[in-house]
Amino acid sequence: MFLTTVPRPTAVPERVGRPRPRPRDLLLRAAGALTTPLLPTDYLDLVDPLRSGAQLRGRIEQVRPETAESATLVLRPGRGWRGHVPGQYVRIGVDVDGVRLWRAYSLTSGPRADGRVAITVKVIPDGRVSTHLVRRAKPGTVLQLDQATGDFHLPATPPARALFVTAGSGITPVMGMLRHHLPSLRDVVIVHSAPTAEAVIFGSELRDMAAVGRIRLLERHTDRDGLLAPEDLERLVPDWVDRQAWACGPPAMLDALEAHWAEADLPQQLHTERFRAQVVVTGDGGPVTFARTGRTVEADGATPLLDVGEAAGVLMPSGCRMGICMGCVRPLASGAVRDLRTGAITTAEPGDGVQVQTCVTAAAGPCTLDH
Amino acid sequence: MTVIQKRADNPVAHLTDEDIELIGKELDALREEVFAGLGEAEARYIRRVITTQRWLELGSRGVLLFAWFPPAWIVGTAGLSVAKILENMEIGHNILHGQWDWMRDPTIHSTTWEWDNVAPAEMWKHSHNEIHHRYTNVVGRDNDLGYGIMRVDEDQRWSPFHLGQPLWNFLNACFFEYGIAAYDLELGKYYKGKKKVDAAFKRDARKVLHKIGRQFRRDYLLHPVAAAAVNPWNLVPAALATLSANVVANLARNIWTHSVIMCGHFPAGVATFSKTSIEGETKGEWYVRQMVGSANITGGRLTHLMTGNLSYQVEHHLFPDMPSIRYQTIAPRIQDLFERYGLTYVTGPLPKQVGSAWWKVIRLSLPNDLFGRVNRTPAADAAVQPELADRAA
Numbered sequence: 000m001f002l003t004t005v006p007r008p009t010a011v012p013e014r015v016g017r018p019r020p021r022p023r024d025l026l027l028r029a030a031g032a033l034t035t036p037l038l039p040t041d042y043l044d045l046v047d048p049l050r051s052g053a054q055l056r057g058r059i060e061q062v063r064p065e066t067a068e069s070a071t072l073v074l075r076p077g078r079g080w081r082g083h084v085p086g087q088y089v090r091i092g093v094d095v096d097g098v099r100l101w102r103a104y105s106l107t108s109g110p111r112a113d114g115r116v117a118i119t120v121k122v123i124p125d126g127r128v129s130t131h132l133v134r135r136a137k138p139g140t141v142l143q144l145d146q147a148t149g150d151f152h153l154p155a156t157p158p159a160r161a162l163f164v165t166a167g168s169g170i171t172p173v174m175g176m177l178r179h180h181l182p183s184l185r186d187v188v189i190v191h192s193a194p195t196a197e198a199v200i201f202g203s204e205l206r207d208m209a210a211v212g213r214i215r216l217l218e219r220h221t222d223r224d225g226l227l228a229p230e231d232l233e234r235l236v237p238d239w240v241d242r243q244a245w246a247c248g249p250p251a252m253l254d255a256l257e258a259h260w261a262e263a264d265l266p267q268q269l270h271t272e273r274f275r276a277q278v279v280v281t282g283d284g285g286p287v288t289f290a291r292t293g294r295t296v297e298a299d300g301a302t303p304l305l306d307v308g309e310a311a312g313v314l315m316p317s318g319c320r321m322g323i324c325m326g327c328v329r330p331l332a333s334g335a336v337r338d339l340r341t342g343a344i345t346t347a348e349p350g351d352g353v354q355v356q357t358c359v360t361a362a363a364g365p366c367t368l369d370h
Numbered sequence: 000m001t002v003i004q005k006r007a008d009n010p011v012a013h014l015t016d017e018d019i020e021l022i023g024k025e026l027d028a029l030r031e032e033v034f035a036g037l038g039e040a041e042a043r044y045i046r047r048v049i050t051t052q053r054w055l056e057l058g059s060r061g062v063l064l065f066a067w068f069p070p071a072w073i074v075g076t077a078g079l080s081v082a083k084i085l086e087n088m089e090i091g092h093n094i095l096h097g098q099w100d101w102m103r104d105p106t107i108h109s110t111t112w113e114w115d116n117v118a119p120a121e122m123w124k125h126s127h128n129e130i131h132h133r134y135t136n137v138v139g140r141d142n143d144l145g146y147g148i149m150r151v152d153e154d155q156r157w158s159p160f161h162l163g164q165p166l167w168n169f170l171n172a173c174f175f176e177y178g179i180a181a182y183d184l185e186l187g188k189y190y191k192g193k194k195k196v197d198a199a200f201k202r203d204a205r206k207v208l209h210k211i212g213r214q215f216r217r218d219y220l221l222h223p224v225a226a227a228a229v230n231p232w233n234l235v236p237a238a239l240a241t242l243s244a245n246v247v248a249n250l251a252r253n254i255w256t257h258s259v260i261m262c263g264h265f266p267a268g269v270a271t272f273s274k275t276s277i278e279g280e281t282k283g284e285w286y287v288r289q290m291v292g293s294a295n296i297t298g299g300r301l302t303h304l305m306t307g308n309l310s311y312q313v314e315h316h317l318f319p320d321m322p323s324i325r326y327q328t329i330a331p332r333i334q335d336l337f338e339r340y341g342l343t344y345v346t347g348p349l350p351k352q353v354g355s356a357w358w359k360v361i362r363l364s365l366p367n368d369l370f371g372r373v374n375r376t377p378a379a380d381a382a383v384q385p386e387l388a389d390r391a392a
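Each protein sequence line maps, in turn, to chains P and D.
Sequential numbering from 0 applies to the first sequence in numbering that gives the first Met the number 0.
Sequential numbering from 0 applies to the second sequence in numbering that gives the first Met the number 0.
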């Protein structure tokens, strides 16, 4: 029998069905007649962008360096925040050089009475958002926030024996789990890879946990030891087959681990978390999908998406056809497009909220318009 | 070349095809340079303007709850007028042009913005961005040339109806937002029977009426009622004072925006084009048409802010989707381009440009050949634009 000293936080389930309008909503609707064409919320946002009922946002309260390449951001989420389960991630919208960019980061905070949450960000080469957050983020800045999501978390009944295999920033969701659940976990092994000892995010906290015997920590410093191979696990963690395992790290490592667990016929014992790929395939032309119309056509790199859609019989909004009137702007759900005037590439992933002028952009790889 | 200015003394006649091509390339490069440099400073600017406008409107409307007290009426009406002008010009007009779409902020985006004007944003974007900006100053295509009710070019046919156009223009100024809504609906064409009333028109008309209803209810019903509610001992005078303040603020906004917009294309020295002249037009030719078809307003920072930087009409017409705050930084380079290619950058202080535009409205209310001299470009304009001064002679 396990005694949990820390209650397992649970995310409040989303309301189902159409709720009866609350008095506050009715009041806001009435106030809308006074503020039209703006909404009362546009004015309320001037005063308190984190208030209940507002678009979910979070304010950076603290930026704490972890390693030379990473930092933890403590956020005060807006009052609409529904909580999270350790191991889950949150998407944040950050204005970098004036442009809103969305990225997902694992929540790393432990239980906090003050309702703050933390994410930990590691700089990735050429990463606009990660570089901005680690090097330039300032307390007081308000970010856009989504509700926490993700299936990478411990089950309601903690496993008797747990194994975590992580690399680099792959430690971040696991740290969230450890900070919450360690008291209810009896036997924990962590195999963590990082280039050097100094590059280990949360290095001292992990080593402290190991020093008091709460976890067995196996650090692998890949600059010296090379990358971890699944076979190494046989030696490092001989009882790995008896453990529920959670792994997070680069795709190559996760692929190898999945193959290893599958070979042992234990795929259900391995849970992996893949940070979403930042790399969008770019090229010259590609298949263009009109998601709502349900049509996919092959396009070259010189034909505007507007023409591509029209040629395929998709009813496209259009205007001046020369890039000035914005009458043809549609959301780019995912993929890459090229501005035919400048050659500049724009990429998008679901939820990024990218809109493009279809009359002056062409496919630069597979892309999907939300149209 | 196909940019054929329809007059004998064509202001772009001296440009070769190559010149026009080079102008186009230079402007494309300039556009790219500016867009590559957009960043936090510009984003901060527009957010600051929006925040300022919202506080100003909120504060003014708060003060106007006590509009029965004359100083409150004056302060509140002035504040609300300025707030409405900022909202329509520097904020609404420019956001609806997609100038801030690059920020990817869904709350400051051409596809989501609705403005404080009875003309619904969606319809205005069509008639303004698509028709006016594409067919700038093309007689018969660009409805902004006289808005279908006035003759502002010698080549537009005169009819006795035009005798009244100084009055039409004055009324249009007073009720400008309704004029724009009617114009977006192409009401004139339906009235004259050039277009048949169909389902699309009825749908659009319903949208306009719905928007007028919402705007009306806010300014002329709910705010006056709110004023009465907070001044229960003074019900009727309080409501009437707030009502009159709203009427005056809307009137001030209408006259101001109408004046600024008249300055964009009506002053002396601005060229117009015939329908056939734009057939097969290249990008370079399109740019040149914008250059000689627009006029600027000189002034200080406040003038530029209150005109929504439409004081840089030339720059705006070259790059309608460029954030307005950058027009002033490219203006010297645009002027230099004009000089190098022997083109005239038409500009002047607001009163002079408004006067020039009004003079055109007045003189063209009469037929071209009625008194000979009446239609001559006034001597004052000759100084501004020597090569066009003798064109009407």
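Everything labelled a hint here was simulated from the structure, so no lab data went into it.
Idealized CB from N, CA, C, for every residue including glycine.
Each hint should be verified, as a subset may be incorrect.
As the list claims (entries may be wrong) - Which residues of chain D face chain P? A few of them, derived with a C-beta cut under 7 angstroms, are:
1. R103
2. I107
3. A199
4. D203
5. I211
6. R213
To be verified - The list that follows gives simulated cross-link-like pairs (lysine to any residue, SDA-like), each with its CA atoms no further than 20 angstroms apart:
7. P/K137 x D/K274
8. D/K274 x P/R320
9. D/K24 x P/T341
10. D/K206 x P/D306
11. D/K282 x P/R320
12. P/K137 x D/E39
13. D/K282 x P/D306
14. D/K206 x P/G31
15. D/K282 x P/L339
16. D/K282 x D/F337
Evaluated hints:
A cut of 7 angstroms between beta carbons decides the hint on D/R103: the least distance to chain P is about 4 angstroms, and the hint holds. Proximity of D/I107 to chain P is violated relative to the hint, the smallest CB-CB distance being about 10 angstroms (cut-off 7 angstroms). Evaluation of the D/A199 hint against chain P yields a violated restraint, the C-beta minimum of about 14 angstroms exceeding 7 angstroms. The restraint placing D/D203 at the interface with chain P is violated, with a minimum CB-CB distance near 15 angstroms, outside the 7 angstroms limit.
Of the supplied interface hints, the one on D/I211 is violated, with its beta-carbon coming no nearer than about 12 angstroms to a beta-carbon of chain P, more than 7 angstroms. With a least beta-carbon distance of about 5 angstroms to chain P, the hint placing D/R213 at the interface is held under the 7 angstroms criterion. Proposed proximity of P/K137 and D/K274 is contradicted: the alpha carbons are some 56 angstroms apart, above 20 angstroms. Distance restraint check for D/K274 and P/R320: the Cα-Cα separation of roughly 18 angstroms lies within the 20 angstroms cut-off, and the hinted pair is therefore satisfied.
Proposed proximity of D/K24 and P/T341 is supported: the alpha carbons are some 12 angstroms apart, at most 20 angstroms. Between D/K206 and P/D306 the alpha-carbon distance is near 29 angstroms, which puts this suggested pair outside the 20 angstroms criterion. Simply put, D/K282 and P/R320 have alpha-carbon atoms about 12 angstroms apart, close enough for the 20 angstroms limit, and the pair holds. Pair hint P/K137 plus D/E39 holds up; C-alpha atoms about 14 angstroms apart against a cutoff of 20 angstroms.
Distance hint between D/K282 and P/D306 is fulfilled; the C-alpha atoms sit about 19 angstroms from each other, no more than 20 angstroms. With a C-alpha separation of about 18 angstroms, the suggested pairing of D/K206 with P/G31 holds against the 20 angstroms cut-off. Simply put, D/K282 and P/L339 have alpha-carbon atoms about 13 angstroms apart, close enough for the 20 angstroms limit, and the pair holds. For the proposed pair D/K282 and D/F337, the alpha carbon gap of about 17 angstroms is at most 20 angstroms, so the pair holds.
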